[in-house]
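Assemble the whole structure, with the sequences as input and the hints as a guide.
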Amino acid sequence: MDWNTILVTTVEAAVNWETVVYALAAIGINIQFGYAGLLNFGQAAFLGVAAYGMAVTVATFNLPFWLGIVIGLVATVLLALLLGIPTLRLRADYLAIATIAAAEIIRLIFRSVTFSDIFGGSDGRQGFAGEFFAMNPYPRGEYGIGPFGFNERVMWVLTVGWILVALALTLVYLLMKSPWGRVLKAIREDEDAVRSLGKNVFAYKMQALILGGLIGCFGGFIFALSQASVQPDLFGTELTFYAYTIVILGGAARVFSPVVGAMIFWVLLVFLGNTLSEMVGAGMIPFMNVNQVGPVRFMLVGLGLMLLLIFRPQGIFGDKREIALNAR
Amino acid sequence: MRRAVIAFTAFLGGLIFLLASGTPAAWAEDESLRGTLQYQGRPIDGVKISVASEDGQPIGEATTAADGKWEIPLPGPGTYQVTIDQSTLPPDLELRFKDRATLTLSVSEDQQRTALFALVPKGDAADSGGQAAAEPSVWQRAAQLAFEGLNLGLIIALAAMGLSLIFGTTGLTNFAHGELLTLGALIAYFFNVTVGLHLIPAAIIAVILGGVLGYAQDRFFWGRLRKRGTSLIAMMIISIGLALFLRNLFLFLFGGEGAPYADYNAQQGIQIGPISATPKNLWAMAIEITVLVIVALALLKTRTGKAARAVADNPALAASSGINVDRVIRIIWTVGGAVAALAGIMLGLSQNLNYQMGFHILLLIFAGVTLGGLGTAFGALVGSLVVGLFIQFSTLWVPTELKTVGALLVLILVMLFRPQGILGRRERIG
Chain A
174 MDWNTILVTT VEAAVNWETV VYALAAIGIN IQFGYAGLLN FGQAAFLGVA
224 AYGMAVTVAT FNLPFWLGIV IGLVATVLLA LLLGIPTLRL RADYLAIATI
274 AAAEIIRLIF RSVTFSDIFG GSDGRQGFAG EFFAMNPYPR GEYGIGPFGF
324 NERVMWVLTV GWILVALALT LVYLLMKSPW GRVLKAIRED EDAVRSLGKN
374 VFAYKMQALI LGGLIGCFGG FIFALSQASV QPDLFGTELT FYAYTIVILG
424 GAARVFSPVV GAMIFWVLLV FLGNTLSEMV GAGMIPFMNV NQVGPVRFML
474 VGLGLMLLLI FRPQGIFGDK REIALNAR
Chain B
36 MRRAVIAFTA FLGGLIFLLA SGTPAAWAED ESLRGTLQYQ GRPIDGVKIS
86 VASEDGQPIG EATTAADGKW EIPLPGPGTY QVTIDQSTLP PDLELRFKDR
136 ATLTLSVSED QQRTALFALV PKGDAADSGG QAAAEPSVWQ RAAQLAFEGL
186 NLGLIIALAA MGLSLIFGTT GLTNFAHGEL LTLGALIAYF FNVTVGLHLI
236 PAAIIAVILG GVLGYAQDRF FWGRLRKRGT SLIAMMIISI GLALFLRNLF
286 LFLFGGEGAP YADYNAQQGI QIGPISATPK NLWAMAIEIT VLVIVALALL
336 KTRTGKAARA VADNPALAAS SGINVDRVIR IIWTVGGAVA ALAGIMLGLS
386 QNLNYQMGFH ILLLIFAGVT LGGLGTAFGA LVGSLVVGLF IQFSTLWVPT
436 ELKTVGALLV LILVMLFRPQ GILGRRERIG
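Protein sequence lines, in the order shown, are assigned to chains A and B. Quick note: the first sequence uses the numbering used here, first residue 174, plus one each step. Quick note: the second sequence uses the numbering used here, first residue 36, plus one each step.
No false leads were mixed into what you were given.
Derived list of chain A stretches under chain B, where covered just means 3 residues or more per stretch with a C-beta under 8 Å from a C-beta of chain B:
#1 260-266
#2 473-479
The following label-pair restraints were derived from C-beta to C-beta distances:
#3 Arg263(B) - Thr448(A): 31 to 41 Å
#4 Asp90(B) - Arg485(A): 52 to 62 Å
#5 Thr339(B) - Glu411(A): 35 to 45 Å
#6 Ile235(B) - Arg494(A): 52 to 62 Å
#7 Ile235(B) - Glu411(A): 31 to 41 Å
Residues from chain A shown here face chain B by an in silico Cβ test under 7 Å; the list is partial:
#8 Ala271
#9 Glu277
#10 Val286
#11 Thr287
#12 Gly294
#13 Phe414
#14 Pro468
Think of the hints as simulated: they come from the structure by calculation, not from any bench. Just so it is clear, CB atoms sit at the ideal spot from N, CA and C, and this is done for glycine as well.
Shown next as structure tokens:
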């Protein structure tokens with residue numbers, strides 16, 4: 174048992190790029206589900222559309238990186254409009270099914286052979302991150318404290334990523350203190366009451382969907398840049414459900430909870446994965462092989478999600494009265 | 036509630052014990068074409084097989100190994116041409132149909148499709164006849180697609196009826212329903228391949244166990260959550276957690292690679308008019324239709340069936356007119372679980388078993404249920420058949436790999452223009 178490696182990777186997981194990506198996806202979901210009560214099960218598609226928008230612009234069409242970012246953002250807004258217009262008037266479970274179906278449509282198109290000239294089939298796209306890493310201010314080398322550290326590329330991704338997380342949190346904090354945020358929360362509590370006060374409920378929901386999607390889409394950019402590649406299967410429905418687990422773990426409708434949730438989620442996942450792998454490798458669990466560690470980790474995620482909702486739906490920081498679980 | 040969780044954990048523990056079988060070898064999850072080249076049990080090695088895309092672009096090559104096996108990974112789902120190099124065959128053997136050295140096969144998502152080349156001693160080869168070699172007419176293709184669509188639609192319908200009735204009676208949008216299909220298929224696989232029973236008794240055991248597990252799920256889990264007053268949205272997310280858990284449990288036990296049942300694997304197709312079908316397909320469809328008719332008749336004629344429809348229509352009113360709502364719900368879960376297990380086995384017969392097979396068909400089940408109208412049993416039936424036919428017919432115009440996309444688009448369009456579905460009523464959509 175190599176406890177040293179387990180400890181180092183576990184501590185690093187608290188700030189690593191997965192945490193950043195999932196925190197951004199979860200902040201988006203927190204706006205939609207936590208504050209507005211919208212069940213968007215297609216968050217993976219928002220990340221995917223943004224990542225592919227950027228990757229395809231740069232890698233397929235050889236256009237500049239910043240144009241790629243703009244196209245990713247535009248694609249995200251378009252997706253939100255396309256998804257929202259038909260479904261936001263329906264009740265919660267219809268929205269859930271429609272968004273999950275849309276996310277699958279998008280993933281299937283990304284991985285299809287028919288469009289592989291554009292999206293690269295199931296191999297996806299590579300070679301679009303050059304310009305991003307050319308902006309890297311960190312000289313080559315390892316950065317860190319004691320045994321914990323990252324190389325200059327990861328440091329650059331993490332710096333940008335955590336700045337984005339901080340900006341997103343500030344935005345959410347300010348918005349939710351504003352009248353706009355109060356209307357959003359009122360819609361979650363009682364849509365008809367808000368409508369009777371003369372508010373355009375549909376417009377507010379649409380704005381929440383777009384805003385949540387846009388914050389998630391930065392998670393997509395970070396995902397793509399940290400890997401320097403995009404693949405369609407990275408943006409499957411699991412991503413969405415893990416992000417939901419994170420929001421519920423932290424506590425819905427709290428500004429900081431998605432970030433804390435993401436940290437706890439990844440620290441636990443990495444710790445479990447590494448410990449189990451080491452134990453299997455040392456022959457301490459005779460009925461498992463190393464390949465089975467992954468499924469066990471995600472079985473525990475599923476179990477955790479169930480137990481959280483049964484015993485503590487408000488998560489760590491949430492307030493039980495503020496959870497949109499009674500939405501129609 | 037704590038007891039419910041303990042009972043549920045024990046149930047899952049039993050499940051692990053029951054299914055614990057075989058060690059998964061590789062964890063591939065992508066599409067591939069593969070096969071085993073043999074003549075009367077003797078593996079043939081050193082034969083070159085190549086795969087090209089539909090428009091003739093080469094994709095990969097393989098040479099059969101000492102055990103006759105070959106596998107070529109594919110870039111994604113789609114239609115491919117597999118060619119066997121006849122000059123590399125052993126001198127005493129040749130292809131049974133010399134004009135079928137190239138097979139055109141469509142591969143769906145995550146499928147590891149088997150390509151069969153029949154070998155005979157030199158001199159015994161036959162021509163497959165001009166009929167099969169000639170390009171089929173549009174009408175022939177349409178008839179074939181209608182048949183395949185009906186096949187798929189019936190499988191979806193089996194699962195959809197259960198899902199729709201559970202939704203109608205309890206309000207639960209069950210995202211773990213697809214896993215009930217996989218569960219049934221894998222239990223049958225366990226008894227068929229690991230234990231060594233014939234597929235038919237294995238399937239019967241799996242259907243019975245599916246019903247028992249459906250009952251147990253409601254008795255020890257969903258029923259308790261309902262009593263506890265857990266909200267519907269919370270239950271929906273709990274069902275997602277359950278689906279995640281079960282799917283990864285299947286991956287843990289079964290491995291990431293697909294596998295077929297031990298029986299009815301390489302059936303020769305028979306020609307009925309314009310349609311070519313394997314006998315197992317016809318039997319499967321006959322069983323599916325019989326089960327659907329029995330369930331439909333039970334809903335229409337029996338007391339319990341009428342009570343089930345009454346509860347689906349209005350639980351409070353049904354309860355006040357003396358119907359035992361909990362009992363009805365439990366029966367629906369039992370039947371739903373058994374029928375879902377049957378659907379999973381049928382799905383496993385027509386494609387390979389895979390730990391994600393139920394998850395992949397779940398959205399099509401939702402499409403069928405929504406199209407027919409959430410909560411109505413017969414709507415789900417009609418909607419599923421339409422979805423199955425639509426998916427197969429759409430391959431006349433769209434590439435095979437994108438046929439699911441069409442069905443999911445229809446799902447979204449139905450929600451836009453007629454959210455109550457074909458047979459649903461307006462007040463259901465809220």
